[in-house]
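Please model the complete structure; the sequences and the hints are all you need to start from.
Using my numbering, the letters of the sequence shown map in sequence onto residues 1 to 286.
Where hints are given, some of them may not hold.
Claimed, not checked - FRET-style restraints, in silico, Cβ to Cβ:
no.	residue 1	residue 2	range
1	V268	E233	36 to 44 Å
2	Y215	D103	42 to 50 Å
3	A220	T13	17 to 25 Å
Derived by calculation from the structure, the hints in this document are not laboratory data. Even for Gly, the Cβ is constructed at its ideal location relative to N, Cα and C.
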Amino acid sequence: MTLSPSTPAQPETLDLGYSFCPNDTFIFHALHAGLVPSPLPVREVLEDVQTLNDWATAGRLPITKISYRAYFGVMDDYVALRAGGALGRGVGPLIVTRGEVGDLNGKIVASPGALTTAELLLRLVYPDAQVRRMRYDEVMPATARGEVDAGLIIHESRFTYPQHGLSKHLDLGAWWEQDTGLPLPLGAILVRRDLPGGLQRDLNAAVRASLDYAYAHPQASAAYIRGHALEMEDAVMQAHIDLYVNAMSRDVGEEGERAVRELQRRAVAVGAAPASDLPLFVGDPL
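Next comes the structure, spelled out in structure tokens:
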């Protein structure tokens, strides 16, 4: 069952949207497989993050992965869980090029999506860059072919770009950390605000339990992760998990909250998101 924007009642099952990436399949395998307690059965809905971002604007799924940049635009309908997200240091998107390019203002940069945190960071650093949007896995090939001046890469691409003959122009995560002193918020797990508060909190606990199970039983999820990892090599797959799953995936924590609020403030300041005083996380006071 999928909730419509006007459905306040508790459903019997929940569609849970997340990406094919190893960090998501690692976190959610146990919950999807029924290996940890959950207040309701969940049904997996796997899609790329930009599709999930777009779906969230329509309120399509009751619980879903989303870019933090996209979250700021759907806060009237959704609230973030404290568990399951992707925040941290050394996790940022990269800008890559075929050679020395210099200032990217006025240049064409391939982007994995308008609602990605990566594109928001690009806008903060190069406000006059010309963006050409495409699926995240098409960015590096387009950059390598010279169809764009630079590419904005996310996910496992940060480990594989040298194989495409590309070089790093700028680590946007490092820029963020130096400029703010904070970890970078990339993605969150959202639940519908019109779900009962107790269910929201129980879902947060279920996601945390699923992550704990993954750490305690690493082989249990191995086949599931491998089955969705496209053509990713095992070493890249493990590096992906090690990088994007950390203590803030279990609980965003005080520092993570400050980072999210700062990203929201900057998104509002450049007109990328509307201002909102709603609670950012499940359990926050109104």
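Against the structure, the hints:
1. Remark: the range hint 36 to 44 Å for V268 to E233 is upheld by a beta-carbon distance near 40 Å.
2. Checked against the given bound of 42 to 50 Å, the beta carbons of Y215 and D103, roughly 43 Å apart, stay inside it.
3. Under the hint 17 to 25 Å, the C-beta atoms of A220 and T13, about 22 Å apart, fit the expected range.
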